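Number of protein chains: 8
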Amino acid sequence: MSAKQWNIYLSGEIHSDWRDQIRAGVQALSLPVTFTTPVTDHDASDDCGIEILGPENKAFWKDHKAAGINAIRTRTLIRDADLVVVRFGEQYKQWNAAFDAGFAAALDKPIVTLYPPQHAHALKEIDAAALATAETPGQVVAIIQYVVVG
Amino acid sequence: MSAKQWNIYLSGEIHSDWRDQIRAGVQALSLPVTFTTPVTDHDASDDCGIEILGPENKAFWKDHKAAGINAIRTRTLIRDADLVVVRFGEQYKQWNAAFDAGFAAALDKPIVTLYPPQHAHALKEIDAAALATAETPGQVVAIIQYVVVG
Amino acid sequence: MSAKQWNIYLSGEIHSDWRDQIRAGVQALSLPVTFTTPVTDHDASDDCGIEILGPENKAFWKDHKAAGINAIRTRTLIRDADLVVVRFGEQYKQWNAAFDAGFAAALDKPIVTLYPPQHAHALKEIDAAALATAETPGQVVAIIQYVVVG
Amino acid sequence: MSAKQWNIYLSGEIHSDWRDQIRAGVQALSLPVTFTTPVTDHDASDDCGIEILGPENKAFWKDHKAAGINAIRTRTLIRDADLVVVRFGEQYKQWNAAFDAGFAAALDKPIVTLYPPQHAHALKEIDAAALATAETPGQVVAIIQYVVVG
Amino acid sequence: MSAKQWNIYLSGEIHSDWRDQIRAGVQALSLPVTFTTPVTDHDASDDCGIEILGPENKAFWKDHKAAGINAIRTRTLIRDADLVVVRFGEQYKQWNAAFDAGFAAALDKPIVTLYPPQHAHALKEIDAAALATAETPGQVVAIIQYVVVG
Amino acid sequence: MSAKQWNIYLSGEIHSDWRDQIRAGVQALSLPVTFTTPVTDHDASDDCGIEILGPENKAFWKDHKAAGINAIRTRTLIRDADLVVVRFGEQYKQWNAAFDAGFAAALDKPIVTLYPPQHAHALKEIDAAALATAETPGQVVAIIQYVVVG
Amino acid sequence: MSAKQWNIYLSGEIHSDWRDQIRAGVQALSLPVTFTTPVTDHDASDDCGIEILGPENKAFWKDHKAAGINAIRTRTLIRDADLVVVRFGEQYKQWNAAFDAGFAAALDKPIVTLYPPQHAHALKEIDAAALATAETPGQVVAIIQYVVVG
Amino acid sequence: MSAKQWNIYLSGEIHSDWRDQIRAGVQALSLPVTFTTPVTDHDASDDCGIEILGPENKAFWKDHKAAGINAIRTRTLIRDADLVVVRFGEQYKQWNAAFDAGFAAALDKPIVTLYPPQHAHALKEIDAAALATAETPGQVVAIIQYVVVG
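So the sequences go chain by chain: A, B, C, D, E, F, G and H.
Counting along the first sequence from 1, when you hit position 72 you're at 72 in this note's numbering, and nothing is skipped either side.
Counting along the second sequence from 1, when you hit position 89 you're at 239 in this note's numbering, and nothing is skipped either side.
Counting along the third sequence from 1, when you hit position 70 you're at 370 in this note's numbering, and nothing is skipped either side.
Counting along the fourth sequence from 1, when you hit position 11 you're at 461 in this note's numbering, and nothing is skipped either side.
Counting along the fifth sequence from 1, when you hit position 118 you're at 718 in this note's numbering, and nothing is skipped either side.
Counting along the sixth sequence from 1, when you hit position 127 you're at 877 in this note's numbering, and nothing is skipped either side.
Counting along the seventh sequence from 1, when you hit position 112 you're at 1012 in this note's numbering, and nothing is skipped either side.
Counting along the eighth sequence from 1, when you hit position 98 you're at 1148 in this note's numbering, and nothing is skipped either side.
Please note that a few of the clues may not be correct.
[What the hints assert, rightly or not] Straight-line C-alpha distance at most 20 Å; calculated EDC-like pairs for lysine to aspartate or glutamate:
| no. | chain 1 | residue 1 | chain 2 | residue 2 |
| --- | --- | --- | --- | --- |
| 1 | E | K658 | G | E1035 |
| 2 | E | K693 | G | E990 |
| 3 | E | K604 | B | D230 |
| 4 | E | K604 | C | D346 |
| 5 | C | K358 | D | E506 |
| 6 | A | K62 | F | D791 |
[What the hints assert, rightly or not] Beta-carbon label-pair distances, calculated as ranges:
| no. | chain 1 | residue 1 | chain 2 | residue 2 | range |
| --- | --- | --- | --- | --- | --- |
| 7 | A | N57 | G | D980 | 45 to 53 Å |
| 8 | E | Q605 | A | N57 | 37 to 45 Å |
| 9 | D | S480 | A | G150 | 20 to 28 Å |
| 10 | D | S480 | G | S916 | 29 to 37 Å |
Calculated from the structure, these hints are not laboratory results.
These figures come from a predicted structure and were not determined experimentally.
Where a beta carbon is used, it is the ideal one built from N, C-alpha and C, also for glycine.
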């Protein structure tokens, strides 16, 4: 009776090491979890469209080509996920994180939000679709531990 | 052979009159369109939870109760919509707009984004899920006219 | 631009007049709402199977035939609903109310729970799937008013 | 030609050893079955929200945080299940068990109910959505054996 | 608050007047029900393929063309239905009736079976997917009355 | 007991009057049918993107913007349709017609193909997903008549 | 790059050795196929309800209990299947086979029918939902070989 | 933490070695990808119906039988795919490729189109449903590499 392998998608902020913290915490507990993520190399994520498919004069279409390729990865991995953790950092618009949350919500994926407390009011609609709201990666690890092993 | 009545949900920014402009433009063309929107009274939207269901000591739960009640309206109307227009204004985080876009995308709803050009890079993931990107309410009216009457 | 007609299913307790209170409150506000309900005549609901399809020796099959016929109505109306209000009264097991809540949740129907506060702990799993929790029919009317007219 | 591994979710009562009896019975038969369950440690299940995410003054929000985290586990495992066994014990409201049954029913999961005969009338709506109704864990084992190996 | 108009599909046997009996019974009660049916003219149903689309040498392809055209109607109307009544008569294979029942079951449509008692054993799998089993058109009328008006 | 209003989407070739023939034939029979179509003005369909949303230097992006706007209309109307008629004319690639057929097939929409016989071999995969294959608009009218009125 | 393992459900007649012929043929070709079936022991299939869950006075309820338990197996395996082969033999009503075909059709499962030619007219509706119609187990093996290995 | 194995379906043109180029490129990178394809032997694909199921006098039915059998394979593999690459070559109608694209689009499968630039205008509707448009197999390999390993 092998344990279920959980697929957990880590969406959002790419400027801090929150994913590493969660991975390390879960690895230390030897939990049966596979993490997936968007491409977290910012330049690669911005430039993949023109690097692979050729240059564009307009920034809009450069972005469009990149976003399409990234969406192949992100939408597939969100659809595969058992749980989606959405992280909002201190800076930037981070609309893709909120988009992922909406996408996951409509697919009935359990969502955990992770952000510093000052964002709480601005994220209230997303929290209403989440099953837990955490402030630290350690709390997310504890949620995963609880959910996976009871 | 009566024409189809189109349901169009107008998501996002509540601080400018973009919805009125679209409504007026479409009304002037006598198109068979019903618009729906979130509650656009900011204070009502923030306070509905505690006003209806009683006070909370913590801002988080005040927000949570409000967001739940608003979600009854917004998720239902997005599910009913033939088209979702998502507006991002100049200010604020507007994560609920991005959430709505992701929610609509996963439900296979056609999406039109509407925002000032400086947001283009930050919205590239959402534009990748949209079928059109407009800068002005007038362009949205023109899209609706084209889509509804050809 | 006619307003959306909301379908609201009123599930649960049949021993108090909470449905009448909600109907009256909504009617006083002239809201575009159609309410649907299970059959609320307790004896009819228990006996419809044997009355229509013939007697049974065992109570289990009497109940089974009745429950099947009631399910034709209740599942159809829940599937049709924009919003499901689930009422738990002071007495009885009311497992059918909890079943309806689970059924509605898996169908992504917005849920409002309505019950006296002493049930809160026992209903926590259902509240986690609800978008609002009310204590009085008046609060439900206020939620409907807010959701329907903003 | 490897045999299908069946996923069976054991929902409901946590105060008797019915899950152990079913597990032992199935293990004795060496059937290819993986069982999943909610967290069955009552205190852990009640307290996980505040233990992981911090204290609450109100019992309602303490429960809400716990129920959200538990739902990450339970909804995921029910979605993964080939069969859902729902147990109602002698005591308590057990509304979460009935909720799980409704949730499973709307997802078209086969359901087996398991309860002492005195509950039959109160559970008739749930039985109408179940494919079998058992009184003992041994009967559930026999159903699993029949279903899995013929 | 207008009543719901129920769509009821009457599938199966075309050699007796059971549909007329149900229609007449429901009409006498002035219930808000719209009935739909397959084409019940046996020759038209068999010949529509070659009459509209040209002759075939092989009976198999004559049948195939007819069955395709009939399926446009039947599958659409079953998908539209709130309730599917499936009638098995005394004669013939009536595999299309059983097919309709399976089709309706997988779409989560409530099913009522209607047949003379000698068929009960052969129809046990279909009855397991039905919410009621009737022997007479009058019983079906009574079920509709109960379901529609309570 | 009002008759069902059928929504029929007429996809494909825009260079002959086949849609007019079907409309006229159905109108002469006074059938309860609403037809929907893509925008059939070829230039409007090609230019709508740049006319509404501004010019592009590259033909690819001009086309992309137009195709997105057209997709708002076409995907919505196909999703609304009870029946999709897909016409292939004598000329051009007509890949959008084949795309519509695939889109409709995956949505379980009944499909009727309409084309001159020389295309039969090249369209065999699409015919395998269609419920009827016609050569003339008159045959399509006859199918509609049969399907709608029996 | 491991080959896909195909799940094929063999529905229908239990009185001849057609399943063994297909299994043997596929095994001789060493194809990556897992076959699943209903319980094919006629008596076990009829009696499982009362043997596991206790006796019934009425044949109808004996059958009902058996059919429910069998449905746990059959519906799960059909949902798991990549391909459903439905066999109609020379005798009996075989309504469960036709039900399975309808169930599979509504779930968009590819269907192959298998029957002696004299049944062709009576099975035309089911053939209209099938992707191939075979007369012999050997033809089914050849279809599987073609589909799996090209 | 094993990497996800990606299923990629390679649809369309069968007259050039584009599939081999993609396979070779991906193999050189040792990516965890399983490719699936339609049967690419043109004669086998055309003749499988009559070879397995017997001759037909009319070319239409010969094609129909072949197309049905091919559809068992192609629809199943598209449903299984994480990504669908659709190739349009220089010649022929290639309506099946466009059909596959529409089928994949309605199933929310990410699509990459691959074709020589002269087809761009004719494929604009399909590109509007694609997340990337490539001109060479090498570009597709680069997209796969980026999507799979970041």
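Comparing the hints with the structure gives:
For a cut-off of 20 Å, the pair hint linking E/K658 to G/E1035 stands: about 16 Å separates their Cα positions. About 11 Å separates the Cα atoms of E/K693 and G/E990, which keeps this hinted pair within 20 Å; it holds. Between E/K604 and B/D230 the alpha-carbon distance is near 18 Å, which keeps this suggested pair within the 20 Å criterion. A hinted pair counts as satisfied when its Cα atoms are at most 20 Å apart, and E/K604 with C/D346 does not qualify at roughly 24 Å.
Restraint check for C/K358 and D/E506: not satisfied, since their Cα atoms lie roughly 50 Å apart, outside the 20 Å limit. About 31 Å separates the Cα atoms of A/K62 and F/D791, which puts this hinted pair outside 20 Å; it is violated. Between A/N57 and G/D980 the beta carbons are some 51 Å apart, a value that agrees with the proposed interval 45 to 53 Å. In this structure, E/Q605 and A/N57 break the distance hint of 37 to 45 Å, their C-beta atoms being roughly 57 Å apart.
A C-beta distance of roughly 25 Å is found between D/S480 and A/G150, which places it inside the suggested range of 20 to 28 Å. The beta-carbon spacing between D/S480 and G/S916, approximately 31 Å, falls within the hinted interval of 29 to 37 Å.
Violated hints, in rising order: 4, 5, 6 and 8; the structure is consistent with all others.
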